[in-house]
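Please build the complete structure, drawing on both the sequences and the hints.
Under this note's numbering, the sequence shown has 143 at position 143, and the numbering climbs by one with no breaks.
Worth flagging that the hints you see were computed from the coordinates, not collected in a lab.
A quick note: this is a predicted structure, and the numbers were derived from the prediction, not measured.
There may be inaccurate statements among the hints.
[Claimed, not checked] Label-pair restraints from in silico Cβ distances: (1) Val26 / Lys2: 32 to 38 Å; (2) Lys2 / Asn36: 48 to 54 Å; (3) Glu68 / Asn38: 45 to 51 Å; (4) Glu128 / Asp81: 22 to 28 Å; (5) Asp81 / Ala40: 52 to 58 Å.
[Claimed, not checked] Once the Cα atoms are required to be at most 30 Å apart in a straight line, the calculated DSSO-like pairs of lysine-lysine come out as: (6) Lys178 / Lys80; (7) Lys149 / Lys80; (8) Lys104 / Lys80; (9) Lys95 / Lys85; (10) Lys80 / Lys151; (11) Lys104 / Lys159; (12) Lys178 / Lys85; (13) Lys130 / Lys95.
Beta carbons are placed, not taken as given, at the ideal position from N, Cα and C, and that holds for glycine.
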Amino acid sequence: MKNNNKNLVILVSLILLSVIAIISYVILYLDINKKNENIANISQSINNLYEISSTRVSLENIVTNTAENRQKILGYFVEKDGTAKFLESIEDLAKEHSLVFNVKSVGIADIAKNNASTSIALIDLQIETKGSWNDIMNFYSLLETLPYKTKFSMIQLEKDDVAPRWNGVVSFNVAILK
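Below, the structure is given as structure tokens:
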């Protein structure tokens, strides 16, 4: 019987040690699994940050590489709050060609349609000029070649009966930044 008790104690001890070992393995497995999940989350965060950084660098390169072209495009528009300066430059151009110059009308029209938002508007101008045929035609051709987005809607010329001069009226619009 003593031998049986000894064997029973050894058996129970082995079973307890086996249960403790299995519980330890389960705890160790769960701990490793949790650490793997944390590592995967950290790795995903690093990949996301890398993608964001790459995108930022790409955008910075695009902005840098297109700076000259963007400035060139902006040159096609009269600057915001530059209407008075633009009108003065046209008046100076008329004076250089010895023309009598009068602005009949100035208006700013929004080009947005269907409630669409845009940062561009149009300056609608109607100008009267008086002078020689050559001076008026040179002035109009210079208006046409202005470095702005310009669209003519009307040009009218008539010979002045009293003097060897011509009277002209021109209507056009120029793109302006809002």
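Evaluation of the provided hints:
1. Val26 / Lys2: 32 to 38 Å: Roughly 36 Å apart at Cβ, these two residues keep to the hinted range, so it holds.
2. Lys2 / Asn36: 48 to 54 Å: At 50 Å between Cβs, range holds.
3. Glu68 / Asn38: 45 to 51 Å: 48 Å, holds
4. Glu128 / Asp81: 22 to 28 Å: Holds - the Cβ-Cβ distance for Glu128 and Asp81, about 26 Å, lies within 22 to 28 Å.
5. Asp81 / Ala40: 52 to 58 Å: Holds: the Cβ-Cβ distance is about 55 Å, inside 52 to 58 Å.
6. Lys178 / Lys80: Since the Cα atoms of Lys178 and Lys80 sit roughly 5 Å apart, the hinted pair holds (cutoff 30 Å).
7. Lys149 / Lys80: 14 Å, holds
8. Lys104 / Lys80: 22 Å, holds
9. Lys95 / Lys85: 15 Å, holds
10. Lys80 / Lys151: Cα-Cα ~19 Å, so holds.
11. Lys104 / Lys159: The hint holds at about 19 Å.
12. Lys178 / Lys85: 15 Å, holds
13. Lys130 / Lys95: This hinted pair holds, its Cα atoms lying about 11 Å apart.
The structure shown violates none of the earlier numbered hints.
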